[in-house]
Amino acid sequence: MEQVVANGIYLGSQYAMIALGLTLIFALMNVLNFAHGQMYVIGGFVTYTFYGQFQMPFLLALLMSCLTLTVLGALIEKFLFGPVIRRSAREESTMLLAAGIAFLLDAIILLVFGEKQRGVPKIVDGVFNWDFRIIMPYDRILICALAILSIVAFITFMQFSRTGRALRALAQDRDAAQLMGVNVNRYSMIGFALGAMLAGLVGGLLVTITGVNLGMGGPTSIKAFLMVMIGGAGVISGAIVGGFILGMLEAVGLAVLSQYGDITYLVIFVALMIFLTIRPQGLMGKPWG
Amino acid sequence: MSRAAIYRLLAVAVFLVAIFWFIPFLIDVTGRWNFYYTLTSVALLSVASAGVWLTFYIGRINIGQGAFALIGAYVSAILVTKAGISFWYSLPLAGLFAGLVAVLIGLPILRLKGVYFAMITLVLTEVVRLAALALPITNGAKGIVSIPLPSELSVFDITIIPDFSTIENPKLAFYYTACALMVICFAAMYRIVNSRLGQLCRSMQQNEELAASVGVNIAYLRVIVFAISSFLGGVGGAMFGAIAQSVYPSSFVVKDSIDFMLNCFLGGLGYVFGPMLGTLTLYFGWDLLFELGKYQLLVYSSVLILLILVLPNGLLSIRLNRFRRLRS
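Listed in order, the protein sequences are those of chains A and B.
Count along the first sequence from 1, add 469, and you get the number used in the numbering used here.
Count along the second sequence from 1, add 167, and you get the number used in the numbering used here.
Next comes chain A alone, as it looks inside the complex (with noise of 0.2 Å):
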C-alpha cells in the first residue's frame, strides 16, 4: 500500500511537469501542443548528450536542457504558430501546423541523436528501504524532488513575478490584456518558449531514470493529454491535480490489474469517458458556451 502511493507520487511529480508545460501553451496561444512529447524527448537527449557522452555535472546538462528547449520554443512561436494564427481562417489550422512540427522534430532527433535507446550512469546510488515497507531508489527520490521544487518554482513565478502576472492576463482574455498594455506577441513568445522548457526539464530529469528513445514521444503526448482532460485544460493547478491523478491511477492499476494483463489504461479510460459525461471540462476547468 505504501510502496503504491509512493510510486504514485513519484510517477504524478513528473506527469504533473509534462502537463504543466502542455496546459500553459493551451492556455496563452488556444494551441494543442501535438510536439510536446517530441520536445520532452529532445531535452533528454541533450542531458544524455551533455551528461553522458561529455561527462559534465548534471544540473550543467540539466539546464542545457532547459536552454536548448527555451530557444527551440521561441523559434517555434515566432516563425512558425505566430504567423500562422495571425493569417488562417479556422483555428484548427494550428493543429495541422503542430502535427507537422511534431514530425519534424522526429525527424530532427532522428538525424541528430539516432534512434537508439540512450540511458546515462545514475546520479546517485543506493536504495532507500524504510522496512520493506517502500522500496526506491535514492536516484527516483531525488529526481521527485528536484520535479516538485520545479513546479513550486514554476507556480512561484507565475504567481508573484511580473512576466508570470503578464501571462496569467493573457490567458485570462487576450483582448484585455492587450488593452492594459501587455505585449501580446512577446509574451507569447515568452510563454511558449516557458512551456517548451518545462518539457525538456521534465526529458532532463528522467532521462537518469528510464533513458530516451526516439519512440518516446508519442505517448508521451497522449499521456499529456489525458492528464489536461481529467484536470481541465488551460488551468496551471488543473494540470498538477491531473498530473497527480494519472500517475496515482497508473500506480495502483500497475498493482492491481496486473494480473489481468495490461489493461491500465483501457480502465483508466473507460473511467475517463464516465467522468467527462458528467464533468466535461475537467476537474478544475471552466465550463464554456
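Don't take every hint at face value.
Simulated pairs of lysine to aspartate or glutamate, EDC-like, Cα-Cα distance not exceeding 20 Å [stated by the list, open to error]:
1. A:Lys755 <-> B:Glu376
2. B:Lys309 <-> A:Asp731
3. A:Lys755 <-> B:Glu375
4. B:Lys422 <-> B:Asp454
5. B:Lys461 <-> A:Glu584
6. B:Lys422 <-> A:Glu584
Keep in mind that the hints were calculated from the coordinates and are not lab data.
Since this is a predicted model, take the numbers as computed values, not measurements.
Since the structure of chain A is already known, use the hints to place chain B on it.
Same frame as chain A, now just chain B:
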C-alpha cells in the same frame, strides 16, 4: 440543365473513365504493377478520411479514425476467420459495428468541443490499440494472420464478384473494388452534404447554440454524423485488412489517425472532394520522398509546414480563388 451541371457531369465521367480504364491501361503499358497497391491504398484511405471530413463538417476535429479503422479491420477479420462468413458480408458488418461503437462512445464525448474533442479522440486511438493487445479474441500482439482472400459473392447463382483467389491478378481486382468503394463513398458524401442533413450540419458548424435554439436536434445529429463517419472508417479498415490479409494492433496507430486528419486539412475542409485530393497528395508525396532515405521524414514534414504557412486553408482553395478572380 444548366451549364454548370453539365460541366459537373462531364467532370465526373472523365474521373470515372480515368480511374476505371485509363489508369489500369497506363499501368499495363508501363508495367509498373506496384502502383496498384499504392492507388488502392489511396482510395481506401480517402474513404476513411472522408469520414473524418464529415465530422469536421459538424465542427469537430476527429483524430480517432484510426481507432474505428482498427475496429473495422478486426471485426471483418474475426468474422471471416472464426465465423466463416464471406468477406463481402463482413465488410458492411464491420462498418456497422464501428458505427455502433461510435454511437456508444459518441454519446458522452460528442458533448466536448474543439481541442477537447480532438484530445479525447486521439486518446481513443491509443486505447483501441491497447484493447486489441489485451483482449483474447484479437489474439494480442500476434494479430490475426493469413486471412483468406475475399470469396465469391453471388445472388441467385449469378456471380457478381468472382472468388479473388481464382483471379489471375488479385491486385487489379482489389484496385477495382477499392475504387468502386471510393466512388460510392464520395457520391454518398456529396449527396449528404447537399441534403437537408448537410444544411443542418453546416448550421452546427457555424454555431451550435444558435442551431439548437431554432430547433435543430444537435445531440441526435452529431451522433448520427459521428456514426456515419466511423462506418466509413470501419469499412476502409476492413478492406485494408483484407488486402494485407492480416491485422495487428499496430495496423492503425496514432500516426494514421493524425494522417487521416491531415488529409482532410490539406485537401481543404470546405470541399467534399478535399479528402481525396489530400490523401493522394500526402500518400504520393511520402512515397516519392522514399528515395531520400533517412531525410524522408525531414523533407516531408518541412513541406507540410511550408504548405500550411502558404496555404492555411487547404489545397483546393487555390483553384477556387482563381475562379473567383476570373469571374469578377
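These are the hints, each one checked on the structure:
With a C-alpha separation of about 18 Å, the suggested pair A:Lys755 and B:Glu376 falls inside the 20 Å cut-off, and the hint holds. Distance restraint check for B:Lys309 and A:Asp731: the Cα-Cα separation of roughly 15 Å lies within the 20 Å cut-off, and the hinted pair is therefore satisfied. A hinted pair counts as satisfied when its Cα atoms are at most 20 Å apart, and A:Lys755 with B:Glu375 qualifies at roughly 19 Å. For the suggested pair B:Lys422 and B:Asp454, the alpha carbons sit about 16 Å apart, so the restraint of at most 20 Å is met.
Between B:Lys461 and A:Glu584, the direct Cα distance comes to roughly 11 Å. Compliance with the 20 Å bound is thereby established for this hinted pair. A C-alpha spacing of about 18 Å is found between B:Lys422 and A:Glu584, which places the hinted pair at or below 20 Å, so the restraint holds.
Of the numbered hints stated above, none is contradicted by the structure.
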